[in-house]
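S.K.: Just add 1315 to the spot in the sequence shown (first one is 1) and you have my numbering.
Treat the hints as calculated values from the structure; they're not laboratory data.
Everything numeric in this text was worked out from a predicted model, so none of it was measured.
We treat Cβ as the ideally placed atom computed from N, Cα and C, and that holds for glycine.
Incorrect hints may have been included.
As the list claims (entries may be wrong) - Pairwise CB distance ranges (calculated):
hint, residue 1, residue 2, range
1, 1366, 1322, 14 to 20 angstroms
2, 1321, 1370, 20 to 26 angstroms
3, 1373, 1327, 14 to 20 angstroms
4, 1321, 1372, 18 to 24 angstroms
5, 1369, 1328, 16 to 22 angstroms
6, 1324, 1373, 27 to 33 angstroms
7, 1326, 1373, 27 to 33 angstroms
8, 1329, 1373, 28 to 34 angstroms
9, 1369, 1323, 15 to 21 angstroms
10, 1370, 1328, 19 to 25 angstroms
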Amino acid sequence: MICVRCQGFMIGVPPLYLLSSDSYSPSGSDQLEGEAWQCVNCGEYVDEVILDNRASRPSTAAVMA
């Protein structure tokens, strides 16, 4: 996968919502929980939650005059 911010190489990582739990222990079933990507150049992090939020955001910003 290519990073949209810097065109660097992105690697698969566990989603942050899995790592936030004190009881987290990696297992084979984590594949079912979701997928996340992180750029090795700039650190850009993308997971399902971030993509959903970006998709629901308005495409143009309202400007107050």
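S.K.: Hint by hint, note whether the structure agrees.
M.R.: Each hint tested on the structure:
One distance hint, 14 to 20 angstroms for the beta-carbon pair residue 1366 and residue 1322, holds here, with the actual separation near 18 angstroms. Take residue 1321 and residue 1370: their Cβ atoms lie about 21 angstroms apart, and the range 20 to 26 angstroms holds. Look at residue 1373 against residue 1327: about 30 angstroms separates their beta carbons, and that is not inside 14 to 20 angstroms. Evaluation of the 18 to 24 angstroms hint for residue 1321 and residue 1372 yields a pass: the beta carbon distance comes to about 21 angstroms.
The supplied range of 16 to 22 angstroms is met by residue 1369 and residue 1328, whose beta-carbon atoms lie about 18 angstroms from each other. Against the hinted window of 27 to 33 angstroms, the Cβ-Cβ separation of residue 1324 and residue 1373 comes to about 31 angstroms, which satisfies the hint. Between residue 1326 and residue 1373 the beta carbon distance is about 31 angstroms. The supplied range of 27 to 33 angstroms therefore holds. Checked against the hint of 28 to 34 angstroms, the C-beta distance between residue 1329 and residue 1373 comes to roughly 31 angstroms, which is consistent with it.
The beta-carbon spacing between residue 1369 and residue 1323, approximately 19 angstroms, falls within the hinted interval of 15 to 21 angstroms. Between residue 1370 and residue 1328 the CB atoms are about 21 angstroms apart, so this pair conforms to the stated range of 19 to 25 angstroms.
Against the hints set out earlier in the document, a violation occurs for number 3 only.
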